[in-house]
Amino acid sequence: MKYAVRKLAMMLLTMLIVSFLAYLAFQIIPGDPTNKILGTEATEEQRQMLREQMGLNRPFLVRYGDWLIHFVQGDLGDSYSYSMPVGEMLAGKLPVTLLLALLAFLITTVVSIPLGIFSAGRGGWVDRVMTVLGQLTMAVPPFFIGIILTYCFGLVLQWFTPGQFVSFSQDPGACLTYLVFPAIAIALPRIAMTVKMLRSGILAELGKDYVRTAHSRGNDRSAILYRHVLRNALVPTVTFLAMTIADIVAGSVVIEQVFAIPGMGRLLFSSISNRDYPVVQAIIVLMAFWVVLVNFLADLINQRLDPRLRLQ
Amino acid sequence: MKKRTLALFLTLALVGSVLSGCGDGSGNQDVEGNHGYEERKAANEIVVGIAQDLEDSLDPHISASAGSREVLFNIYEGLVKPNSDGELICAVAQDHQISPDGRTYTFQLRPGVRFHNGQEVTAADVVYSIERCADASGGAPLVAAFSVIQEVKAVDESTVTITIAQPDLDFISYLTTAIVPEGYDQLATAPMGTGPFRYVSRSPQENIIIEKFDDYWGEGAKLDKVTYKIYEDSNALLMALKGGSIDLCAHLTDAQASQLDDQQFQILEGTMNLVQAVYLNNKAEPFDDMAVRQALCYAIDRQAIMDFVAGGRGTPVGSSMYPAFTKYFMPELADYYTYDPAKAKELLAEVGYPDGFDMTIMVASNNKPHVDTAEVVAQQLRAVGVNVTIQQVEWQTWYDEAYKGRNYQATIIGVDASNLTARAMLERFVSTDSSNFINYNNPEYDQLFQQAITTTDPEEQTALYKQMQTLLTETAANLYIQDLCDLVAMRQGLTGLVFYPTFVLDLSTIGWTA
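Residue numbers (our numbering), protein chains in the order written: chain B, 4 to 315; chain V, 42 to 555.
Among these hints, one or two may not hold up.
The calculated label-pair distances, taken between Cβ atoms and stated as ranges, are [as the list claims (entries may be wrong)]:
{"hint": "1", "chain 1": "V", "residue 1": "Ala177", "chain 2": "B", "residue 2": "Ser276", "range": "27 to 33 Å"}
{"hint": "2", "chain 1": "B", "residue 1": "Ser276", "chain 2": "V", "residue 2": "Gly352", "range": "26 to 32 Å"}
{"hint": "3", "chain 1": "V", "residue 1": "Gly259", "chain 2": "B", "residue 2": "Phe147", "range": "47 to 53 Å"}
{"hint": "4", "chain 1": "B", "residue 1": "Arg234", "chain 2": "V", "residue 2": "Ser406", "range": "47 to 53 Å"}
Sample of chain V residues lacking proximity to chain B, with all beta carbon distances greater than 10 Å (derived) [said to hold, decoys possible]:
{"hint": "5", "residue": "Asn85"}
{"hint": "6", "residue": "Val193"}
{"hint": "7", "residue": "Thr202"}
{"hint": "8", "residue": "Ile205"}
{"hint": "9", "residue": "Val417"}
{"hint": "10", "residue": "Gln433"}
Hints in this document: simulated from the structure, not taken from any laboratory. Glycine included, each C-beta is placed from N, C-alpha and C at the ideal position.
Take these sequences, add in the hints, and give me the full structure.
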């Protein structure tokens, strides 16, 4: 109980700091939302007038405090660029990004854990091929994999129509078919990393004394692997996967551009260049929340895997 | 054991096929990315790809970006509107007269013009729209040129008079300003005009949907529905074109257009209608010296730039006017300085820079043609001893630092006209103008401008504007380059694309052939 409360407090504090830093960052870099709204030919008076209307002339801390109070009350404000409530905007975008992230995570986990276990048991050429393949996939950036996938499956095989995203409510099947490819593009490098991690984890554990003891007591190989070794080897892997799932959401900014998916990532990208503060702030806080939440869950899972962690 | 080997092989096969797909892929030319487009043809609709969402206001009186103007052109109309020849034709107004003293404009409204909500346009709507743009109570009017308006009056249900302070030949050009319903307060989110298309919906960073307005007073749109889809990534845009998701896309680069299959798309060539140049800060050293600017003019090879940036396409310009302004454009100015690096070097030596100097060109990184141009210009200037550093900055930084702050040495950008007057191109170089971002200061130029805007003789005005252009060339205000080409990809089976001398894409004339 005490642990949960402490964790919760840490989560809130992290989000507060992140949101403050994001606000501060826009204070430092040049640019002003009125530039985009009024265009290049607006006069300084018009700009001043709009700034006054938008409340941008108030001191930095006052603005931040004002934003924070409204945010806590559930009022995310209106987007400068689109004149519509940020909450409404995100409601349409968040599920898309979340679905993409979950799909990518699912692919990563389902493929990498069996593959990691498999590759740890091998030697010789199989191992070497796997290592080379892994290195290759890790080296290619997801956006490039995305372009290759679009070319192969979109243009040549025509399994999906590039650029024709279908929303989930319209046609769940078509939506998933479309999202599978960007999800693979995001997942591939992560699969390679997770496999590598799990493989070396298992190999390290296999060399330890308790494994020899287990052997001498007459346990067979797979029982040792699944009951003892895997449990220990999974702890760092789970932590890594948690980082991955946080990373996936951030990585979707790029992949959403490549596949023209109308998700949160694209919105974040454009609202940063437009200095659309309310939108940027909302997305950043959401992402921070996501990262902290996932790490928290990873901690819980690890405690189940390794009882020693519960004491600390 | 066997199962595991099988699983491994399957995984390898998948990854292998993915990686090999790109190797020999380019040979696959019989790709027919046609799914979806037959359906769109049957439904009489198209998808237009655009590279940027409309991120300023949708309010036609406030929105400022070229991209927004391009879309809103199909939804709104003014009392008059430009046609494809650059002339003003009557739109919401049926006819107009100008009083002999040049100060009173009388407009008869066209009967039967309706807003998209079905209401007929009345004189009150027109008065409201003009007054909204002329209102200076907040510091400055929405349309700067409307500051000369003294009175807007509804004479009767269908007649409006506008009185201005002094005669101004260009005033009529500003009456392209959109007519909106009186008191309508959702302009920023739900546009409501009199154009051939009416606004349906939008989804940020995804699409904007418009459909045919059945009660349009004129000929009306050929298509029933148009969806603008946003593809910010140039690769995604290209894939979507190839895959059949888009039917029409303007502003493609030469490299993009050349990758499209001509069985799928026809490539049409227009001009961007802007003046691309190395704009020089006339107050920054060493460009405060006219002789240095003139010397650099000889170092620029326009043809080489166009070859590199756009496969040889584009129109060279020699002053701040682009060719679509047929009345004012002077093609001979493009040959005023001929490419001659030896002469450039010689001239530089004469004015005290025998070893050249260092300079920085600032360029907004989101615009590929300008970035590419900067690379070529840098090479050409290095050849005469000027050591160029290219500084790529984000658009917002460029705007704050270079355009507004005038804190730069040189920058490459395209300058266009906000309406179809020579004044829109030339006024910015008047020494006191707030848009004079190059700090051009020439009393002779200022005086010519004063004469040009006050004269009541159109021919004299044209002559004066030409003199001003010549002056810009002679004093080498900037290193003028070109009006960039504008490539439009349109699906085979579509016809009716018309190029305008301003940055608009008229969708009403486009339709599928039977």
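Hints, one by one, checked against the model:
no.: 1; hint: V:Ala177 to B:Ser276: 27 to 33 Å; result: 32 Å, holds
no.: 2; hint: B:Ser276 to V:Gly352: 26 to 32 Å; result: 29 Å, holds
no.: 3; hint: V:Gly259 to B:Phe147: 47 to 53 Å; result: 49 Å, holds
no.: 4; hint: B:Arg234 to V:Ser406: 47 to 53 Å; result: 50 Å, holds
no.: 5; hint: Asn85; result: 19 Å, holds
no.: 6; hint: Val193; result: 21 Å, holds
no.: 7; hint: Thr202; result: 28 Å, holds
no.: 8; hint: Ile205; result: 20 Å, holds
no.: 9; hint: Val417; result: 25 Å, holds
no.: 10; hint: Gln433; result: 14 Å, holds
Hint violations for this structure: none, all hints satisfied.
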